[in-house]
Amino acid sequence: MPNKAASSSPTTPQPPAKPWWLGLVVVLMGAICLYAANELANTARYSAIGPGLFVTATGIGLILLGLLLLIQIARGEKFEPQDTENAEGDTPMDKRAFFIALAAALVPVFIIELLGLPITAMVSFTLVTLAFGSTQIVLNLLVGFILGSASWYLFSLLGLQLGDFIPLLGI
Amino acid sequence: MDTLGLLLQGFDVALTPTNLFWALVGSTLGTAIGILPGIGPALTIALLLPVTVSVGPVSAFIMFAGVLYGAMYGGSTTSILINTPGEAGSMMTALEGNKMARAGRGAAALATAAIGSFVAGTLATLALTFAAPYIAELAFYFKPADYFALTILAFTSVAVVMGSSRVRGFIALFIGLAFGVMGIDTMTGQPRMTFGFADLLDGMELTVVLVSLFAVGEIIYVASRYRNQKDEIVSVKGGILMSKSDWKRSFMPWIRGTAIGFPMGALPGGGSEIPTMLSYTLEKNLSKHKEEFGKGAIEGVAGPEAANNAAAAGILVPLLTLGLPTSATAAILLAAFQNFGLQPGPFLFTSNPELVWGLIASLYIGNAMLLVLNLPLIGIWVKLLLIPKPQLYAGILVFAMIGIWGVSGSVFDLACMTLIGLMGYVMRVYDFPIPPLLIGLILGPMAENQLRTALAAGQGNPAVLVESPMSITFLAISFLFLFVPFLIRRLRAVA
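Those protein sequence lines, which keep their order, are chains A and B.
Last residue of the first sequence: 171 (the working numbering), numbering continuous.
Last residue of the second sequence: 495 (the working numbering), numbering continuous.
Okay, chain A solo, but in the shape it has when bound (with noise of 0.2 Å):
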């Protein structure tokens, strides 16, 4: 199998930039949570509990802990990205790498109904090798469409509803 060639990391060490929007992310669902409850009716309440208790509460811890991480932050808190097998944390993000990954999962929103599962599973198939370096692709295509159609076949023996082969062709 064809090696990916390692991205290149810059030669001076750079200090990491600060991650503000992570605290302003968590800060910004927090809001979300209280307008969210904000919106709810207060007729359906009894004894002064109400279904928007438990989204206000979490609205509040949301926007509790986001600031906290915000403080976090400014102290220099650091962030080290998690080892798992096969990847580092340490290695430098590979943007291409991520962008045809992240590809991979979205397709299936576009192509899914008209196209069906097995051909849609082809392309996310081929679309995650080659994000990890495979350029294989006629053969990955190959088995993509191999591994869609006969998960299609032997899961819907089993009672998924899992559409037809091809809907765009009536198949």
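Note that these hints are calculated values from the structure, not bench results.
Don't take every hint at face value.
Unchecked claim - Simulated pairs of lysine to any residue, SDA-like, Cα-Cα distance not exceeding 20 Å:
(1) K18/A / M423/B
(2) K95/A / M423/B
(3) K78/A / V167/B
(4) K95/A / T418/B
(5) K18/A / V429/B
(6) K18/A / E292/B
(7) K78/A / K143/B
(8) K18/A / S165/B
(9) K95/A / N228/B
(10) K95/A / V426/B
(11) K18/A / R166/B
(12) K18/A / G89/A
(13) K78/A / R489/B
(14) K244/B / E292/B
(15) K18/A / S164/B
(16) K383/B / E85/A
(17) K95/A / K244/B
(18) K18/A / D431/B
(19) K143/B / E85/A
(20) K78/A / K290/B
(21) K95/A / L422/B
(22) K95/A / Y430/B
(23) K78/A / M277/B
(24) K248/B / R227/B
(25) K143/B / F347/B
(26) K78/A / P376/B
(27) K78/A / R166/B
Said to hold, decoys possible - Looking from chain B toward chain A, a few residues come up when the C-beta cut is under 8 Å (computed):
(28) L177
(29) E218
(30) V222
(31) P376
C-beta atoms are modelled at their ideal positions from N, C-alpha and C, and glycine is treated no differently.
Knowing the structure of chain A, use the given hints to seat chain B on it.
Quick look at chain B alone, frame taken from chain A:
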């Protein structure tokens, strides 16, 4: 004895050809996914859930238990042969086991791991057999306030123990709670946090979130940081027999490992990392061959492996008796119970005894199957490691897609899969633990129900939450979990 009688009835259920078949399927699948990277027991059970609807709950849970135990067995194989622990609980096994393999003692390392897993699994299942009915009896006396306090304990412990930062652990928990409130409120019928999407009226499915975080998030993360190096698989020389000295040195570590792993696995936030590390440290201190530690000491494999397996059995105690999940795998098992319209807890022991005791009995059978599957067939399992990683991860995405599409047939769920997968990627980059999110999602609705029921019964007076000794105890332990590490750090700084 009542318990023995019930267990025998359980064997009646577990020993039917159909259930033996499902135990074998689960054990085989579990071993395979324990060996393969990128996929673990929680994700596997989530992907199997839609398929098991036609199978029936007893057979389904027997299969899931096989997957759970099997993954522990399979994980030790990769730890020993290629020095890659699949999960935190296998780190100690990798430390000593791989050194043993490199010194030509791979067969003994694999044997002590497999036999230790069998011994620990059997002993832990025995402990489950006798402890579970008593804990379930106790739970009959729990009031809503007690259950609420217990969920607070579960939340606090998983958020604090899992991961390197309490703030990030709690953020993950609260995101899970936010996902948990989406959908129609069961008490008032009002839609909450649906933002006009009809697909969200049924709430956020745990399966969608789990599959997205574990499969999609992992794939994007690994692809973007792929370390493309061939795994150096140490070949297994010699037979699979352990010498007399190996047996002598492994026996007590197996027992001690079980004694450490089982209660810790049963505790909220216990996990498998702490018991395996404790076991390793204990065996190192007690060993007559201390100089071998770090170079391939068999006690360093035997003890932690037993602790790991016993902890896996331990998670079933709070799950079956209280309906309380203490890990990601337990969370998906709880979701599986709910899928079948069952609620684990004390009532399950009386309403579905054949399910509970059939499941417990099948754990003994599964353990025996796994010993047979793992020891003599190790050469075959190792071949799985030859599957090229790009195609392996691509296959995982295909199954993830099938798992989500097959359940709902909804493009909305596939879009959520991508978004939540992206969130899973960010969580890995910035070191947010994932299990608290899942625990928040699955337990949040239960916590809310118990809270609102307790407050309604108390006419809205929050003092009702701290009335009973049980709820005070649980809340006090939660408080300790939260503040004791902080106090210890402060005291150390002052000293």
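Okay, the hints, checked on the actual structure:
1. K18/A / M423/B: 18 Å, holds
2. K95/A / M423/B: 16 Å, holds
3. K78/A / V167/B: With Cα atoms ~13 Å apart, K78/A and V167/B stay inside 20 Å; holds.
4. K95/A / T418/B: Distance ~17 Å between K95/A and T418/B Cα, so the pair holds.
5. K18/A / V429/B: 13 Å, holds
6. K18/A / E292/B: 44 Å, violated
7. K78/A / K143/B: Violated - the C-alpha atoms of K143/B and K78/A are around 43 Å apart, more than 20 Å.
8. K18/A / S165/B: 17 Å, holds
9. K95/A / N228/B: 16 Å, holds
10. K95/A / V426/B: Holds, at about 14 Å.
11. K18/A / R166/B: At roughly 19 Å apart (the allowed maximum being 20 Å), R166/B and K18/A satisfy the hint.
12. K18/A / G89/A: 17 Å, holds
13. K78/A / R489/B: 18 Å, holds
14. K244/B / E292/B: 18 Å, holds
15. K18/A / S164/B: 18 Å, holds
16. K383/B / E85/A: 18 Å, holds
17. K95/A / K244/B: 54 Å, violated
18. K18/A / D431/B: 14 Å, holds
19. K143/B / E85/A: 44 Å, violated
20. K78/A / K290/B: Distance ~36 Å between K78/A and K290/B Cα, so the pair is violated.
21. K95/A / L422/B: OK: K95/A and L422/B at ~14 Å, within 20 Å.
22. K95/A / Y430/B: Holds, because 17 Å separates the two Cα atoms, which is no more than 20 Å.
23. K78/A / M277/B: Violated, because 25 Å separates the two Cα atoms, which is more than 20 Å.
24. K248/B / R227/B: It is violated: about 40 Å lies between the C-alpha atoms, which goes past 20 Å.
25. K143/B / F347/B: Holds: K143/B and F347/B sit about 14 Å apart, inside 20 Å.
26. K78/A / P376/B: The hint is violated at about 46 Å.
27. K78/A / R166/B: 14 Å, holds
28. L177: 5 Å, holds
29. E218: Hint on E218/B: holds, closest Cβ of chain A at ~7 Å, below 8 Å.
30. V222: 4 Å, holds
31. P376: 26 Å, violated
Taken one by one, the earlier hints fail for this structure at numbers 6, 7, 17, 19, 20, 23, 24, 26, 31, listed in ascending order.
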